[in-house]
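Trainee: Sequence:
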Amino acid sequence: HRYKRNTYTVTYVSSGTTVATHSHLFGEPFNASIDVPGTSLTSPRPGYIFKGWYDNSETVGTPVTDTTMPATNTVLYAKWAPLTATVTFDSEGGSPVNSQELTYGDAATKPADPVREGYTFAGWILYTNGNPSVYSFSAAVTGDITLHALWKKNDSSVSYTVIHQTDDGQILSTTTETAPIGSLVSKWALDAADRGDYAYVDVSSRSMVLDENAENNVLTFTYSKEARYSYTVHYVDAQTGEQIHSDDIIGSQTLNLQNVSAREIDGYTLQGDSTGYVSADQLEYTFYYTKNPEAPAAPQAPAKRKSALPETGDVSSVALVGTVLTSAAALGTSLVLRRRKWFDMRY
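First residue of the sequence shown? That's 20 in this note's numbering, and the numbers climb one at a time after it.
No lab work stands behind these hints, which were simulated from the structure alone.
Hints may contain errors.
To be verified - Calculated pairs, DSS-like style, for lysine-lysine (alpha carbon to alpha carbon, straight line, at most 30 Å): (1) 129 to 171; (2) 172 to 129; (3) 129 to 206; (4) 70 to 98; (5) 244 to 206; (6) 98 to 310; (7) 310 to 70; (8) 206 to 171; (9) 70 to 23.
Let the sequences and hints guide you as you build the complete structure.
Mentor: Written as structure tokens, this is what we have:
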């Protein structure tokens, strides 16, 4: 008997809405990743990531891992869960401070001040692109961050220098000031009236924590006649929010609007367009990717039934042919003898 495999459907539901339906033959593999053909899954709210497909609407238990089509129609439900973020505290030589794990968008709790002999604690700072700033514990945390303790050395001070220069090497002004070692100092760029023809500056303000070595305490502003920008391109796993490739930094660009192209990353598929743009108002751009699912194991073909007849080339086939020919010859001889006997009796 010959049988035909039945066809069944897989229905994909996300946030109460059917997003795709696909038909498969019994035993065929089906898709159980975020990258479902015919639809583009999006997080129901900021900071939530895809955690897999489940066989129940409550999305409890474990996600579906057996992706072989069963002998019944199937409904899969997408599970979304909030990202978590870790705030790490680097006490910079002071007493240790425990890290905090938060839900995406929550604010960190200000810990008890650490202590350090010979220093006075002056707060927590966060470095952004190498520039330190005093951290606000009312800020929403949307990714892993490390806060650094700021210490002022007791009864000590150090000098620092602020340099304003042009991109062709001209010095517009230089000032030197003093402050306690470990202080966070911030300075602003020159007013437009003091820049001459150099209307553009690389950054509007700079900050630093003063080192005990004055040679390391230099804040430099660079001015140019044309606007220059530095852009950053990020590459992120759409499911986990983790960086999957180092950032591309496009520095010292005079264009106000510039196209950027996504990278090809092994093991990942780009979501959305392969190009984007950055501008003076949007200095960062993020491309999102999904991790490629592992290829399902190829189904094994059923064992071949051996024919009752020997195959060509088999020694037994030679014997069989001989037997058949011998039998046929004997039968022919018998028929001839019978016919002759009948003929002799008649005449």
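Trainee: Each hint needs a verdict: does it hold in this structure or not?
Mentor: Tested hints:
no.	hint	in the structure
1	129 to 171	19 Å, holds
2	172 to 129	22 Å, holds
3	129 to 206	27 Å, holds
4	70 to 98	5 Å, holds
5	244 to 206	21 Å, holds
6	98 to 310	17 Å, holds
7	310 to 70	13 Å, holds
8	206 to 171	19 Å, holds
9	70 to 23	36 Å, violated
Hint 9 from the earlier list is the only one contradicted by this structure; the remaining hints agree with it.
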